[in-house]
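Chains as they are written, first to last, in the working numbering: chain A, 1 to 209; chain B, 1 to 247.
These are calculated hints, taken from the structure and not from any lab test.
Hints are not guaranteed to be accurate.
So the derived label-pair ranges between C-beta atoms look like this [stated by the list, open to error]: (1) B/Trp143 <-> A/Arg113: 57 to 65 Å; (2) B/Asp67 <-> A/Val2: 23 to 31 Å; (3) A/Ala36 <-> B/Met198: 37 to 45 Å; (4) B/Ser43 <-> A/Ala36: 38 to 46 Å; (5) A/Val108 <-> B/Met198: 43 to 51 Å.
Ideal Cβ placement from N, Cα and C applies to all residues, glycine included.
Listed below are the residues making up each chain.
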Amino acid sequence: MVQSLSRLKESPSQTAGPYVHIGTTPNFIGINHVYAQDLGLAPCPAAANGQRIIITGQVFDGSGAVLRDALLELWQADADGLYPSRGEHRGAADPNFPGWFRQPVDGVSGIYRFETIKPGAVPFIDGRKMAPHVTLWIVARGINIGLHTRMYFPDEAAANEADPIFTRFELRARLATLVAARDGEEDGVPVYRFDIHLQGDKETIFFDI
Amino acid sequence: MRNAPAPNHNGGFYQRDRAWHPPAFTPNYKTSVLRSPKHALLSLNNTLSEMTGPVFGHAMLGELDNDLIRNYATTGDAIGPRIIVHGRVLDEDGRPVPGALLEYWQANAGGRYRHKKESYLAAIDPNFGGCGRSITDEEGRYWFRTIKPGAYPWPNGVNDWRPAHIHFSIFGHAFAQRLITQMYFEGDPMIWQCPIVMGIPDKAAVAQLVAALDREATIPMDTLAYKFDIVLRGRRSTMFENRMEGN
């Protein structure tokens, strides 16, 4: 016998279910007057620094069907690559940039849409720069534990090529699933399309972080 | 070297034990069949992108945010068994997690959700919305008041019923700790018949999601109480100064 390490176990995950909106975006489904507004649903404040962008797309299941009940959360650095967080010790992030957004997909089209700014580069563990990216977290009915992925930018080819994740050779064939497609502009704001495939030939890379 | 490893906020998080969590593919829960990745997850050492996360202040909370009996009520209190749910948010080292945002949602006493895609014939309670939120205090504690939710039938098997449950969404201090789970109630026989619950491989892990009846926290002649502690991932400590990313 040996001494116990006396650690607790993490609470196990369960699916968010089909009615995740009740708890996370109640106004979005018509439960008004409980909260003044839904957390994370507002677009990036106008006072935030940086290049405005739109990130939009759909989430697909293993049969190619669009999910109409998924919820996405986006976490990213500010335009200078600083996170507005307790864990950020390199400096103060843009006070007008929340860094975190939450969007349910549309109940009919399944389209999600984030209005944010393009993030600056953030260092990897060893100090090398990671290419600009946003972290996405996807939950829905049928997803037992939230899925983490990253979205990279198609117009950052050189930075992507040098990114510590992109240099992992065994992933070469699937890396394209992490890069958004440039999809025109809306009122001068660049639009990036990032579809997420949960399963199948085009399956997105998901991370165990 | 320090004399003792200080509680540290620079190291990466303990790896998730994915044999403790439900796997993605749990075929008895039918929707998981087409919504589960087939490729292995890509393991990624925590970078700043994972070790940081949004900060939520107590100032964002409304007075009734943690009172589901009153926060949607117009003509009277919500109907059903009155309960308090309380507990602590801890990390795997047993340290409290202060400032954690909890959001919770549930069906009413009859098992009916207030959602436009829901068509169960049990009645809507006009005074019950079903959502609330709390931010943990300095000791990691939270509490809210609500109605005990009813069991709920769902189209999985021809006669499947969810046990009474409350959904929880939890933000710790980092996006790596982000978690959604469900709380069940002590003594409910349907817990062990539910395909969503039984997607969790280990019975001890299921037990971690079952809140205990807490008579000591009840309000006599008013409200019963259940205690539900939540554990988020712990962090590696940095015992040697020259290893900036932890031991």
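For B/Asp67 and A/Val2, compare the CB-CB distance with the range 23 to 31 Å and indicate the outcome.
47 Å, violated
Note to self: Can you tell me whether the CB distance of A/Val108 to B/Met198 sits inside 43 to 51 Å?
What the structure shows: 33 Å, violated
- Task: Starting from the hint 38 to 46 Å, judge whether the C-beta atoms of B/Ser43 and A/Ala36 obey it.
- Result: With Cβ atoms ~40 Å apart, the hint holds.
*Should the hint that A/Ala36 and B/Met198 are 37 to 45 Å apart at their CB atoms be regarded as holding?*
Taking Cβ atoms as reference, A/Ala36 and B/Met198 lie about 39 Å apart, which means the hint holds.
* Is it true that the C-beta distance of B/Trp143 to A/Arg113 lies inside 57 to 65 Å, as the hint says? -> 36 Å, violated
Of the numbered hints listed earlier, those contradicted by the structure are 1, 2, 5.
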